[in-house]
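All chains should be built: construct the whole structure from the sequences, respecting the hints.
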Amino acid sequence: MIDSYRRLMNLQKQPEPRGLKGFFTDTSLCIGCKACEVACKQWNQLPADGYAMTGNSYDNTGALGATTWRHVEFIEQVKQNGNRDQQRWLMMSDVCKHCANAACLEACPTGSLVRTEFGTVYIQQDICNGCGFCVPACPFGVIDRAPRDGQFEAGTAHKCTLCYDRLKDDMTPACAKSCPTASIQFGDVAELQQRARARLGELQARGETSARLYGMPEGREAAEVGPLHAFFLLLDKPAAYNLPEVPRLPRKTMGERYRWSAVVGVGFALVGALVFGRRSR
Amino acid sequence: MSERPGEHGYYDYPVVKRPVWTWEIPVYFWLGGIGSGAFITSSLAQRFGSEEDARSLADGFYIAAAALLPCTPLLIMDLGRADRFHHMLRVFKPLSPMNLGAWTLAMFTPVAIARAAALAADRGLLPRVAPMLTALVPRGLSELAGSLLGITLAGYTGVLLAATNIPIWAKSKLLGGLFTASALASGSAAVSLGATLRSVEDAPLHRLSKIESAVSLAELALVAGYVGQSGRAGRPLTVQRLALPFWLGAVGAGTVLPLLLHRLAATRSGARLRRLSTLASLCALGGSLALRWTVFEAGKESANDQAASFELSS
Chain Z
1 MIDSYRRLMN LQKQPEPRGL KGFFTDTSLC IGCKACEVAC KQWNQLPADG YAMTGNSYDN
61 TGALGATTWR HVEFIEQVKQ NGNRDQQRWL MMSDVCKHCA NAACLEACPT GSLVRTEFGT
121 VYIQQDICNG CGFCVPACPF GVIDRAPRDG QFEAGTAHKC TLCYDRLKDD MTPACAKSCP
181 TASIQFGDVA ELQQRARARL GELQARGETS ARLYGMPEGR EAAEVGPLHA FFLLLDKPAA
241 YNLPEVPRLP RKTMGERYRW SAVVGVGFAL VGALVFGRRS R
Chain S
1 MSERPGEHGY YDYPVVKRPV WTWEIPVYFW LGGIGSGAFI TSSLAQRFGS EEDARSLADG
61 FYIAAAALLP CTPLLIMDLG RADRFHHMLR VFKPLSPMNL GAWTLAMFTP VAIARAAALA
121 ADRGLLPRVA PMLTALVPRG LSELAGSLLG ITLAGYTGVL LAATNIPIWA KSKLLGGLFT
181 ASALASGSAA VSLGATLRSV EDAPLHRLSK IESAVSLAEL ALVAGYVGQS GRAGRPLTVQ
241 RLALPFWLGA VGAGTVLPLL LHRLAATRSG ARLRRLSTLA SLCALGGSLA LRWTVFEAGK
301 ESANDQAASF ELSS
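Residue numbers (the numbering used here), protein chains in the order written: chain Z, 1 to 281; chain S, 1 to 314.
No false leads were slipped in.
Computed Cβ-Cβ distance ranges for the label pairs, DEER-style:
#1 S:Met107 with Z:Val38: 48 to 54 Å
#2 Z:Ala182 with S:Ala221: 55 to 61 Å
#3 Z:Arg251 with S:Gly270: 50 to 56 Å
Derived by calculation from the structure, the hints in this document are not laboratory data. The C-beta atom is built at its ideal place from N, Cα and C for all residues, glycine as well.
Shown next as structure tokens:
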């Protein structure tokens, strides 16, 4: 009985867990070379996004999307005053955060989005029917649906897979492999977190007081979406990198929103019963 | 680094992604709402009304079936891969409003069609299959089941939009309640319209008019609460391009006008009652579409509102 239910509902046995894998992206080491963007596109066979110039520093990528799974940001902080000591150029390679509580995964109505044996969030391309619900659900604006009339996997949702295919073969994801400065580090999440704490201490000891970690279990940003399996060392407040201070998990507030639907429905039934009921048969 | 005034984010880039949905979704919300509201209104008339009410206000079952029929095709059209529409039902995952909605629609549509067929049989329109329908479709049970499915269908749509990170959809607690009220208002208006066309007695129309007034009043209160709670995030809807269709269409024609017309209709009878009632119903139906349309479109603009995104997630 249970077995046939499992078969019917596609609840197959999951693969054996192989430990939590993730990225630690240390933006203090990023030199903005975009090797990660290129390596990602090459390995995952993602098409080019055109040659539009944004005029915003060296960032002509713009945003993460269906065919862009690494995005290097260039933040020029040079205009605020004349003091050259205060001028700096921040770079950051953004990526899917592979949240411990992933909004996209919870939103997915088909079960296409799954948690893999590496603890990463993965879209099964043969299941996704392109309903598009994961797109506005993601608090980071990572996931997107490929255009229906496009050449690339048309009509389904896409984002970083943390190179699931490479992990299966004990290989390092393409972006981390190509990073020349070890700004992108791949490994076991727990070990990376330790490394991040040590690195933060090192930078703070050197006087880099604005350095902070983003996506650690103790951080405010983990309050709803949980620790990020791809987390960051930042040199400014999260908003400077377009990262939300407390990324929201829609499930947390869904109950109270349903409650108002229920209140209105029950109220309507009561009014109807009252108005019709006076002339009851 | 010191705070840079007026410059909080990364250039003016959006924090969240723009929804990819197109016109099919607000039209589906509207039709699904009419279907749910009409079915529930007619069920209430059957269960609690007089024999006159039950007879005159049964058309909601026809309306529900007719409104629900295009819903599934609309939802399939909006998919990125329409050939995989059935993947919606390969898992039961009510935590996802999208999945809950797909299951609800899949169950509600046949119930509404069966109940409409039973009504046709009761009215002597299907003489060949009438005995079979009478035996197969238990009236009371199908009304109860359909009403529960209907309120779920009406109730999940606003929550589905709210269960995202689009500021104008996610900020307020009331979008689910607002869409439910709009569904019930448009559904009861459709039943009233049907009854007017069938030239029924005055009494059922007056009773229905009271119910419509109550739900319009609730909708007005909810829309005020929704705009208030949304605050700055609500600006794409309240002061920008969509302000006119929102205030005049969704709020004015959708709630205020029906309230006034029903108030006038309360003391009228005969042809004047029918005229006022018809007008009120048309306003409520149009306003309901305007509400879904403007809130849906405002979400696309709200996605680009970087400041509202930071405010929502602070």
